[in-house]
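Take the sequences, apply the hints, and build the full model.
If you read the protein sequences in the order shown, they are chains A and U. My numbering puts the first residue of the first sequence at 1, with every later residue one more than the last. My numbering puts the first residue of the second sequence at 1, with every later residue one more than the last.
It is possible that part of the hints are untrue.
If several chains are the same, the list does not tell them apart, and a pair holds so long as it fits within one copy or across any two.
For lysine-lysine, the following DSBU-like pairs were computed, each having C-alpha atoms within a straight-line distance of at most 30 Å [as the list claims (entries may be wrong)]:
#	residue 1	residue 2
1	K196	K251
2	K167	K196
3	K167	K91
4	K15	K33
5	K167	K27
6	K251	K33
7	K33	K196
8	K33	K167
9	K15	K27
10	K167	K251
11	K105	K91
12	K102	K91
13	K15	K167
14	K33	K105
15	K33	K91
None of these hints come from the bench; they were simulated from the model.
Number of protein chains: 2
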Amino acid sequence: MVNLADVAHRAHVSKMTVSRVINHPEKVSEEVKAAVLSAIDAVGYQPNRMAQALVNHQNYVIEFLVLEDVVTVEPNYAILLLQIADLLNQKGYTLEISTHIKANKRIDGVIVSGWRADDLPALEALSVPVVLYGESPLDHDMPYVDVDNRQGTALATQHLIQAGYDKIIYVGLTVDLPFAQERERGYLDTMAANHKVSRVYTVDNHSRAAEQLIFNLQTHLPANTGVVCATDRIALGVVRALNRQNGIPEKYGVVGFDGVFIDQITSPQLTTIRQPFAQIAHALVDNLFVQLHNGELGMQRLAPDVIIRDTTRH
Amino acid sequence: MVNLADVAHRAHVSKMTVSRVINHPEKVSEEVKAAVLSAIDAVGYQPNRMAQALVNHQNYVIEFLVLEDVVTVEPNYAILLLQIADLLNQKGYTLEISTHIKANKRIDGVIVSGWRADDLPALEALSVPVVLYGESPLDHDMPYVDVDNRQGTALATQHLIQAGYDKIIYVGLTVDLPFAQERERGYLDTMAANHKVSRVYTVDNHSRAAEQLIFNLQTHLPANTGVVCATDRIALGVVRALNRQNGIPEKYGVVGFDGVFIDQITSPQLTTIRQPFAQIAHALVDNLFVQLHNGELGMQRLAPDVIIRDTTRH
Numbered sequence: 001m002v003n004l005a006d007v008a009h010r011a012h013v014s015k016m017t018v019s020r021v022i023n024h025p026e027k028v029s030e031e032v033k034a035a036v037l038s039a040i041d042a043v044g045y046q047p048n049r050m051a052q053a054l055v056n057h058q059n060y061v062i063e064f065l066v067l068e069d070v071v072t073v074e075p076n077y078a079i080l081l082l083q084i085a086d087l088l089n090q091k092g093y094t095l096e097i098s099t100h101i102k103a104n105k106r107i108d109g110v111i112v113s114g115w116r117a118d119d120l121p122a123l124e125a126l127s128v129p130v131v132l133y134g135e136s137p138l139d140h141d142m143p144y145v146d147v148d149n150r151q152g153t154a155l156a157t158q159h160l161i162q163a164g165y166d167k168i169i170y171v172g173l174t175v176d177l178p179f180a181q182e183r184e185r186g187y188l189d190t191m192a193a194n195h196k197v198s199r200v201y202t203v204d205n206h207s208r209a210a211e212q213l214i215f216n217l218q219t220h221l222p223a224n225t226g227v228v229c230a231t232d233r234i235a236l237g238v239v240r241a242l243n244r245q246n247g248i249p250e251k252y253g254v255v256g257f258d259g260v261f262i263d264q265i266t267s268p269q270l271t272t273i274r275q276p277f278a279q280i281a282h283a284l285v286d287n288l289f290v291q292l293h294n295g296e297l298g299m300q301r302l303a304p305d306v307i308i309r310d311t312t313r314h
Numbered sequence: 001m002v003n004l005a006d007v008a009h010r011a012h013v014s015k016m017t018v019s020r021v022i023n024h025p026e027k028v029s030e031e032v033k034a035a036v037l038s039a040i041d042a043v044g045y046q047p048n049r050m051a052q053a054l055v056n057h058q059n060y061v062i063e064f065l066v067l068e069d070v071v072t073v074e075p076n077y078a079i080l081l082l083q084i085a086d087l088l089n090q091k092g093y094t095l096e097i098s099t100h101i102k103a104n105k106r107i108d109g110v111i112v113s114g115w116r117a118d119d120l121p122a123l124e125a126l127s128v129p130v131v132l133y134g135e136s137p138l139d140h141d142m143p144y145v146d147v148d149n150r151q152g153t154a155l156a157t158q159h160l161i162q163a164g165y166d167k168i169i170y171v172g173l174t175v176d177l178p179f180a181q182e183r184e185r186g187y188l189d190t191m192a193a194n195h196k197v198s199r200v201y202t203v204d205n206h207s208r209a210a211e212q213l214i215f216n217l218q219t220h221l222p223a224n225t226g227v228v229c230a231t232d233r234i235a236l237g238v239v240r241a242l243n244r245q246n247g248i249p250e251k252y253g254v255v256g257f258d259g260v261f262i263d264q265i266t267s268p269q270l271t272t273i274r275q276p277f278a279q280i281a282h283a284l285v286d287n288l289f290v291q292l293h294n295g296e297l298g299m300q301r302l303a304p305d306v307i308i309r310d311t312t313r314h
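Okay, here's the thing in structure tokens:
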């Protein structure tokens, strides 16, 4: 086991000097510091994580900040969390979980999930690099990683058109966040490009709200209608309302969005736009590490997949 | 801002001595250490977390170890995770996430979710306190916190009997873990106590597997049958199979178990046995902290609630 004395011997300094380089690098000349760090490297001395942190002014800790209501469990963040923990562990970093924004924490960077627009000023004020999961509003130029939301609903709309559904409606979210606007935009653009008339409805992100909406609309939904849904949770409610009469997929087609957990438990199996969670986890970590090395990746939108299953004709 | 010099002045020692107390307490006499620590306290000096860790031989870090497959998102662990993170943050500790058992990590204790029996030897070998979420097998005497699983299915069975369902069957899990055995036991005991004939089926924890089972059984399920399900995921499949004929709750009653996420998105709303997650999170943290102070709480089983909704008569 290599110890402090070996480092001191190699660097021709006292053990106290080695200790000082580790614990008070600001009090040591650059020359001595370089000699000691090079000796640490040469003999293979492994200062413990805390000593390393003091040397490098790093903590080897990344924070995953979940700003959603603790009671609402969103499967999206949970699946990202474990993948990010794995990636960071491979890099010798650990992942800390927090549910509140705090300054002055001993962390190197922050990945944020479940934020709302009014959280952004506090996040921008943090002294460490931050990357958002989810598109940032235009007036806050923060680095983010997200699925390409607009492309996702464009793919959903195209799939319904190609599957021969005649009318196509959109059931979107009442929430006023960029990802929701982009999902609506993907539907609207694709409808316009295909010279079709758009119809947008919005609901809260609850399956029962979506079920009720479709129930109320039903006399206005002619056979051969396709429904593009902003989330799988909404799609679940739409499927429930339409499938009562065994209308799926012959009479009605339904496409969800997200592709995690909820789509596993729906019956019939949900056609959906799947977020590439493994790639998103990688991109969140990469985005943060590029910032830690004073670089910038900015905004990253990753391409989704269409998973065609049993709620659309194929 | 109070600094090292203020502490040194107060303790009538050099700054180097204060630094040594923080960084190498083993090299300092108990008398000097006591004087410096008391001065730190008196002047309100806040050594950073790493320095504190070195002083106290503590890391102020608890690990949450998720041993489930990363791709399977279980809402149970996700809801516990955020509640535990909150509780630990209040105590000045942070929560680290990991998906693999590793020895020699700079952590003070471990909370484990999603373990299987063959993970237990490696967990027992860890040098820090460990508490399991989920009942431990009898041949591994590890501290754990869990809902009282036996009481849960006993409550479910009693509720179905009181609601007037005639035959009552159990759809359990194929998995051979103590919590699953206890849930089956709660049903069997209650049936025996009420002089009723038990019938146990088992499936994998997938709603489609449960749906298929009930579909296959249906000619053997007379009207006025109640179904106790080992999980909400199983209940979801059972409800789907039985509700096709609008048989719930008049003809059939269904009770789930767990009460997180899945029960929110079923239709009709699921009667279920709810795990007291806030209490479980508290108990997991308390169990670990008692161990950190050389005490022992051992095994803790917390009482569940029956949430009566629309899949049973009431």
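- request: Evaluate K33 and K105 at a C-alpha cut-off of 30 Å and name the case that applies: within, between, both or neither.
  value: both (27 Å within a copy, 27 Å between copies)
- request: Classify it for me, K105 with K91: is the Cα-Cα distance of at most 30 Å met within a copy, between copies, both or neither?
  value: both (20 Å within a copy, 14 Å between copies)
- request: Have a look at K167 and K196 and pick one of within, between, both or neither, based on CA distance no larger than 30 Å.
  value: Answer is within; shortest intra-copy Cα gap is 8 Å, inter-copy 55 Å.
query: Within a copy, between copies, both or neither: where do K33 and K196 come within 30 Å Cα-Cα?
result: Classified as neither: same-chain Cα gap 69 Å, cross-chain 79 Å, threshold 30 Å.
field: Within, between, both or neither, where K15 and K27 count as close if Cα-Cα is 30 Å or less
entry: both (15 Å within a copy, 13 Å between copies)
Homomeric proximity label, K33 with K167: Cα distance no greater than 30 Å: Close neither inside one copy (71 Å) nor across copies (79 Å); limit 30 Å.
message: When Cα atoms must be at most 30 Å apart, do K167 and K251 count as within-copy, between-copy, both, or neither?
response: Intra 11 Å, inter 39 Å, cutoff 30 Å: intra-copy only.
- prompt: How do K251 and K33 come out at 30 Å by Cα distance, when the copy is not named: within, between, both, or neither?
  reply: neither (74 Å within a copy, 79 Å between copies)
message: As a check of your reading, is K33 near K91 (CA-CA no more than 30 Å) within one copy, between copies, both or neither?
response: For K33 and K91, only the intra-copy Cα distance (25 Å) is at most 30 Å; the inter-copy one is 37 Å.
message: Within a copy, between copies, both or neither: which one fits K167 and K27 at a CA-CA cutoff of 30 Å?
response: Classified as neither: same-chain Cα gap 73 Å, cross-chain 80 Å, threshold 30 Å.
message: Within a copy, between copies, both or neither: which one fits K102 and K91 at a CA-CA cutoff of 30 Å?
response: Close inside one copy (24 Å) and across copies (15 Å); limit 30 Å.
task: Measure nothing new, just compare the shortest in-copy and cross-copy C-alpha distances for K15 and K167 to 30 Å and report within, between, both or neither.
output: Neither: 78 Å inside a chain and 78 Å across chains, both beyond 30 Å.
Going down the numbered hints, you'll see the structure goes against 3, 5, 6, 7, 8, 13, while the others check out.
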